[in-house]
Amino acid sequence: MNVKMRHPVRLAVAIAVLMASFTLGQIRSSSAPSSNIHFTNVDVLIDPHGIPLAAYQIEFLADPARVKLVGIEGGQHSAFKQPPYYDPKALAGPGNRVIIAALNTGNDLPHDRTRIARLHLRVVGDELPKMSARLVTAASSNEKTIRADVSVTEGAAQ
Amino acid sequence: MKRFVTLSLGLLAVALVLVLTTVIVVGCSSGKPPQESSAGKTDRPEAPQEIAKPQAATADQRASNPPPFVSDLSPLVTNAPTTAGSGTDAENSGTFLGRIPGAAPNTGLSITAGTLEKSGANIAGQTSGPNVAEELVRQEAIDKLIQSGQGGNNRGPSSGQSLGTRSIGGASGGGFGGGGRRGGGGGTPPSATPGLGELSRQRANAREIRTNLPLLTEELWIIAKTTVLAAPDDNAPRSGALLAKIANKPEQVPVPLKHTDVKARIDGDIATVDVTQQYHNPFSEKIEAVYVFPLPQNAAINEFVMTIGERKIRGIIRERQEAQQIYNEARQQGYVASLLTQERPNIFTQSVANIEPGKEIDIDIKYFHTLEYVDGWYEWTFPMVVGPRFNPPYSTDGIGAVGLGARSASGQSTEIQYLRPEQRSGHDISLSVQVNAGVKIEEIKSTNHRVSSESPELGFATVQLDPSDSIPNKDFVLRYRVAGETLKSAVMVQRNARGDGGYFTLMLVPPQSINQLPRQPLEMVFTLDVSGSMSGQPIAQARAAIRYALTHMRPDDTFQVVLFDSVTRMMSERSLPATPENLAMALKQIELTNAGGGTMMLEGIRKSLNFPRDEANRPRVVAFLTDGYIGNETEILREVHGSLRDSRIFSFGVGSSPNRYLLDGMAKMGAGAAAYLSLNDNAESVMSAYFDRISHPALTDIAVDFGASMKVTDVYPQKTPDLFVGRPIVITGQFTGKGPTTVHVKGKFAGEIRQFDIPINLDAAESQHRGIASVWARMKIAALADQSTWDDSADFTTSIRQVALDFDLMSQFTSFIAVDSSTRTAGDHGTTLAVPVPVPDGVRYDTTVQER
Chain A
4 MNVKMRHPVR
14 LAVAIAVLMA
24 SFTLGQIRSS
34 SAPSSNIHFT
44 NVDVLIDPHG
54 IPLAAYQIEF
64 LADPARVKLV
74 GIEGGQHSAF
84 KQPPYYDPKA
94 LAGPGNRVII
104 AALNTGNDLP
114 HDRTRIARLH
124 LRVVGDELPK
134 MSARLVTAAS
144 SNEKTIRADV
154 SVTEGAAQ
Chain F
-3 MKRFVTLSLG
7 LLAVALVLVL
17 TTVIVVGCSS
27 GKPPQESSAG
37 KTDRPEAPQE
47 IAKPQAATAD
57 QRASNPPPFV
67 SDLSPLVTNA
77 PTTAGSGTDA
87 ENSGTFLGRI
97 PGAAPNTGLS
107 ITAGTLEKSG
117 ANIAGQTSGP
127 NVAEELVRQE
137 AIDKLIQSGQ
147 GGNNRGPSSG
157 QSLGTRSIGG
167 ASGGGFGGGG
177 RRGGGGGTPP
187 SATPGLGELS
197 RQRANAREIR
207 TNLPLLTEEL
217 WIIAKTTVLA
227 APDDNAPRSG
237 ALLAKIANKP
247 EQVPVPLKHT
257 DVKARIDGDI
267 ATVDVTQQYH
277 NPFSEKIEAV
287 YVFPLPQNAA
297 INEFVMTIGE
307 RKIRGIIRER
317 QEAQQIYNEA
327 RQQGYVASLL
337 TQERPNIFTQ
347 SVANIEPGKE
357 IDIDIKYFHT
367 LEYVDGWYEW
377 TFPMVVGPRF
387 NPPYSTDGIG
397 AVGLGARSAS
407 GQSTEIQYLR
417 PEQRSGHDIS
427 LSVQVNAGVK
437 IEEIKSTNHR
447 VSSESPELGF
457 ATVQLDPSDS
467 IPNKDFVLRY
477 RVAGETLKSA
487 VMVQRNARGD
497 GGYFTLMLVP
507 PQSINQLPRQ
517 PLEMVFTLDV
527 SGSMSGQPIA
537 QARAAIRYAL
547 THMRPDDTFQ
557 VVLFDSVTRM
567 MSERSLPATP
577 ENLAMALKQI
587 ELTNAGGGTM
597 MLEGIRKSLN
607 FPRDEANRPR
617 VVAFLTDGYI
627 GNETEILREV
637 HGSLRDSRIF
647 SFGVGSSPNR
657 YLLDGMAKMG
667 AGAAAYLSLN
677 DNAESVMSAY
687 FDRISHPALT
697 DIAVDFGASM
707 KVTDVYPQKT
717 PDLFVGRPIV
727 ITGQFTGKGP
737 TTVHVKGKFA
747 GEIRQFDIPI
757 NLDAAESQHR
767 GIASVWARMK
777 IAALADQSTW
787 DDSADFTTSI
797 RQVALDFDLM
807 SQFTSFIAVD
817 SSTRTAGDHG
827 TTLAVPVPVP
837 DGVRYDTTVQ
847 ER
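Line by line, the protein sequences are chains A and F.
Here the first sequence stands for residues 4 to 161, where the numbers follow my numbering.
Here the second sequence stands for residues -3 to 848, where the numbers follow my numbering.
One chain only, chain F, in its complex shape (with noise of 0.2 angstroms):
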């Protein structure tokens, strides 16, 4: 008994230690934070002060206590002083010129009128090079340079077989009955209003749907009435979400994306963008609208603020799960918040929360890239929707296209609602575009849009989307032709604060002897999508490209056709001679085909890379056509690394809206050239152009000398990809030198060694632009990126997010951030809903998209 005692006497005892142990630990860990963080100490050259207490910390203070990083300031001596100096242009333009002293007695900061805009460059710190005022200033000599006279402001299958997720309807045909085939499913679409019933039923029964109703956190879909700004009900359910239906018109969908609108400038061969996304709440209750959308796939994102009335609020870049975290917490709260994350390289959701009852929201997104230049027409690109993907059975980080309202219907990771054809939004698109080419342009078209414009001076051209083609449908193309029979190789440049050097972009023309040498034999391979989201003007339109082609190949040359959706199938075993009756049969299948069916195309690459070579093994090039209408890019693209060996794939993006991402990458690890075959362009033309690009043995195992005056580092892409005739192409690295250089090319042609020489000027005011470094670190990343599809070696993540976060970059693994912490809205964070989207233009819906 005793022992006994004296055991749960020390069992108490033990109890006890513990309890003060927990008084002990707690009250430090939760009571007032340390003094200062270790990091505080090792990282900060001055104690923070109590808030509230106006603590100065002068300029004297700091001159005898100079920061660190000023002494970055004292090189820079501005590479603009010449033009700072001269001051015409400032004076004329009203503002002033002056000088930014730093800590550093001799920093000759020098200050240019011009437009103080965000520079792609580093921008300070101690560790980081220049700083802020600095580059700021630089850039403000830059822009002097370059565009005189602006001075101003700071502004500053589920149907049939489950093959996949999408929902795919209608009979296909055709196609060397290899099997297969998937059928039906389709018929007449399930209604658009999916089973909540109308208003006076949902008032009536609006307990019991409630109970019926998601959790606040998911999206709700309730059918409402057709006037917006629905009065609060405490009877109706909370989403508000409204659906209206007037006879003979089609049924208006309001979204809370209300219109976007879209300013360009090009420069050169880079481009600036400004998209504003104009959200705003029509609804009776608060709203988190998520918008799914598209992006051209290099775009350098490194902007991002949001407007609440008067108040601009720039974005943070953060890695992406504690952006998606800040986001979570201040939604919660109640904060207006938006978040920007990248599913894809070309494919961005913006969420923005708490937008109450009749507020509008803006969210401005900047970004930088390069243009493609394709046979003789520069090209720029403006996506505007999302198609419609298909995703593998086994998939679930795709891209699900479910129709509105069908909430996580897909299974996918990211998941975009369509609207139905007879449904439109209010969401429309203004355009405007600035063509600075520095030469005479000599024409100028848009492909797939009405367009306005104008040459107010020899070199500028300003083209503008008429505001009767303002749906968001498909993606806006436009081309233009500059004067001179030959683009020349140009370079365009960053410096660096410092002014020794910097980021530089050279584009590669290739040169005109490799138009001389006449092709070998080829064994030509087409490839065809005939998958559901082809059916109709796509497929027609590559059935036409296909036609031309198998019409204008030489008798040495050996072909094969394959066809693919939810399954693969080869006209033949190996290759055929391209005889007249060889062609005549492949031409009667070719028309024989329509378009049906999953996309499953990783199995037509394989077969397309991988089946027995004809007998004289002649170099395989495979014609790829294709909408890019998949959600599983990553596996597609591991697989042409992985299969291409010593063939080449020339991919051909097929319609309104093609997945651009996929084609370029296709083409860029398939060692060929992605074309674009808009449902306007004439396909013949564009294969012609094909056939022109394959008739001429391309510069391989080129070598790029840059001369002892520049001193080169940190190249992308690292490999130079092969020249092809019409087809330049854009390598990006740092440098260090000035003035004007010879850059030196190397490469094989034809079995011989070729070498051709670019002269260039650092230094050359039109080779100045503020983009070179966002475009730089983006090209980065998109190798490190293309390098990880298939190799399992390194830590790309890690790589990718420093690269992103130093250079206030979008990536796969940074996210923007914006929270306004001034005002906390009431209530809960309200409603998710989607933005729906239109199918793209020529796009079908009932072959496309997954309803329930």
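Bound-form chain A, shown alone (with noise of 0.2 angstroms):
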């Protein structure tokens, strides 16, 4: 009678007990970044509206938990191919902030919009967070500082 009577308890108790081994198991597995982590790159373009651009350097804006700096690639241009530089200090720093400038001496300037870098980033989570980039400055080659828009977009696959 007791056996009979202990069965739905015992029941109750293997479905309590594989419940909350589901939940925690949700749980753990959620918290686990290396379960979806990816790699993709995004391009950095600036158009100096007509103006040929010498120098520039901005602010690559993303969540810093999510997404990670994991490369600096050049621009299309001849004059920014080389990979930019990037702020060490900027990027140990509070916010992990990923700053990059270069600098062209030459006369074949860019007019018009172009990538002048690509980021290769580490990213937790399968979507692509937001992600955009803050002019610092931008320059011409007469000394003047100079109006241009920049903009953050999915970098292609080679």
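Treat the hints as calculated values from the structure; they're not laboratory data.
All clues stand as given, with none of them false.
Quick list of in silico lysine-lysine cross-link-like pairs, DSS-like style, CA-CA up to 25 angstroms:
id, chain 1, residue 1, chain 2, residue 2
1, A, 84, F, 259
2, F, 744, F, 484
3, F, 436, F, 484
4, A, 84, F, 355
5, F, 254, F, 355
6, F, 441, F, 259
Here's a subset of chain F near chain A, in silico, CB distances under 7 angstroms, partners left out:
id, residue
7, 312
8, 325
9, 802
10, 804
11, 814
Okay, the calculated bits of chain A under chain F, using three or more residues with CB under 8 angstroms as the criterion:
id, segment
12, 74 to 83
13, 122 to 131
In this text, a Cβ means the ideal position worked out from N, Cα and C, and glycines have one as well.
Using the hints, put the two standalone chains together into the complex.
Written out as structure tokens, the structure reads:
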């Protein structure tokens, strides 16, 4: 009698344990970052509106908890083909800020919208997080600050 | 019953609540990320925008909402306005003079012509001072000042007794009969083909072999055929590593490292070095290449670029574990990736993942370092191979030396595979050095290599490694002497963007007066490494050096001879008077000494420093002769620090590729100086210079006063080392100040206080160099690392890591990582292949390398 009466209890305990296991498993797997890591790249473009672009400095904005910079590639135009430099202190500091800059002292400079860098990124999560870039400064070859637009697009595969 | 049902229902209800909670939690954590992270709220002036929706941030907008760090631009008005303004050089070079107006109206950033390169300084940011563009501009100006007319575009024992992990063969003899010498264990080395057989047999037994293969994450060693780029063969093992044996010719071992190119430029006492490693995949399947290689121990490595075809990807400095994790993930997912880690200050590991068959990948590494100045000669060194290290039996974090394919045989965390004497790899090296001495170069020579050199103009020289001497199996050592009888102390400066200060290095040259007083009687200890790696030419050189020393002692000196390999033996319990009889006995023993056995250096150090002093308590001076081929450097340095007391250690690096990190470290900790005795050096000359050095009292207890117009902080080394004849020292620090000033140096010399003055000019064009901040940071890291060997009271790890991250520098706690996310290669990550290297010139394979 007692045995029979215990069966529902056992069943309930078993279900509870299974559900609890399921619950814990879900929480654990959702917090494991390595399960949904992927790599991608974004292009940073500057449009100097017809004025030769000789130098720029931009800040790339993305959630540092999800996006890590893992490489910087140069741009399309020969003037900015070399990968730009980044600020290590900003990257190592609070917010892991990504600040890049380049300068070209030559005469062959881009006038129109051009990719000035491709950023290689490690991303946590399946979806691409929000990313943007902020122009800090851009200059022409004649010492002038120039108005320029900066944008970020998803990079193309090679 | 009712109670049980109630209880059951209750438990089910609890379970249901748990499920609902799960759904809520999972929903929150795995869904889209929060609109803004807390970090984003704190640190970002504006919310990120959606990708692929170009969001303009125009200069106008910026002007109305200026980025906080722009204020750092304002004070710049770069320190090179006169040069920029003069315009002549820039115009001549065909580049432009311009100004980058920052957001602040009076920024006054100037662009001058020149080569755009990375500065070693911090280059931007709200919290970090000047911004990137500003620094680049400033460097342009400095370049222009230094290099007129160079305008350009942006480029932008297991044998015998088991005493260690090195396999030791051959007998040794002589040496005070103290005992315990190991012999044997050598004999005929095992075959270089470790067991998988020939290709045909592989194919026939492919299935069976595959089941015996290591995991894919491990290195495979497969014997294959003579042609490269073997066609993919599903029946063949996954590796594809090749071995070829052609009769009467060295066995050709294809390796994933094809070529190393080194380009160095020396300005004053600072060298800027670009190293390009050209990796390729001559195999039929995807590979990961792993290369353990040396660089100078004081190299401030601050640039790392991976080149794939025409594309260049700049590597990012990251905490070591983080970089390793990123590399592993990229490798696992099929992306081309590269990782540079530091195993010792002079040993690095380069890993390149997912190199597809037939593809090439270049790795460019750039570093700065200070030159040595030794007995009238500047000395620039580029190490080409890591010598085979001996590791004590208790060690697991040493540097293992194993034969080709004997992966993990050493049990050490880092391992190097060595080619057998009859094997060659296709890896070769090219090297060129440009010397800008500033004054006439009287003489220039290469110690170990054939070179060609030319001097196009006064003070300049170009040196090129002869292509016939391109096997990377010995240190490249370039020595040159400049005009003038005496070297003058000199300062090098890298100004910060604000122009009110920056970083400096100061070479302190001993005053002539310290040559005038003779030395007092000394207790001279000659400690000689007679382990297996010293066998052959190295021990012959060391014997010649000690022979000279023993025959040039003074009658009032005492002396001791200590020999160590697996055990340590001393000539006598105490030092003996330098009588002809005692010296003759010592000479005889030295001549009878052969090398063999392990390198239990720790005991050699202990005995040398701790045996009882002679009766007159003369100052003890230890001449320590070794190749430094051990993997427990930290332990040795800790012992030196702990046992030194008032002794001094003068280390002598013997051979073609000595462990300069250890030898310099011993001398630094040992309050002495290091010297190097290559196989081609005259041992008597080197020992003569040593006698000259110890024949005069050193300037001790040195204090440097930089004067009122130059405020100095963060000086390294923190305690200025003693100054010896012929051996200047370099100190570095941060400063504020301008223009000419006088540095006052005070110290004790033979019991008396002496002072000498050094006039310097912080603004002199020839004193500017873009690498000084990096050199400063590297010296700070070295000082912290040195202290960490004996001081457990502080968290040096955090300090070192932070300096390295801030200055974009390699360190033991930081690594460079570069991932090409553009292309994902097919399949798994491929087979890991180590780049095998030759043993250094003059070193015997059979006495140093463990084959299984």
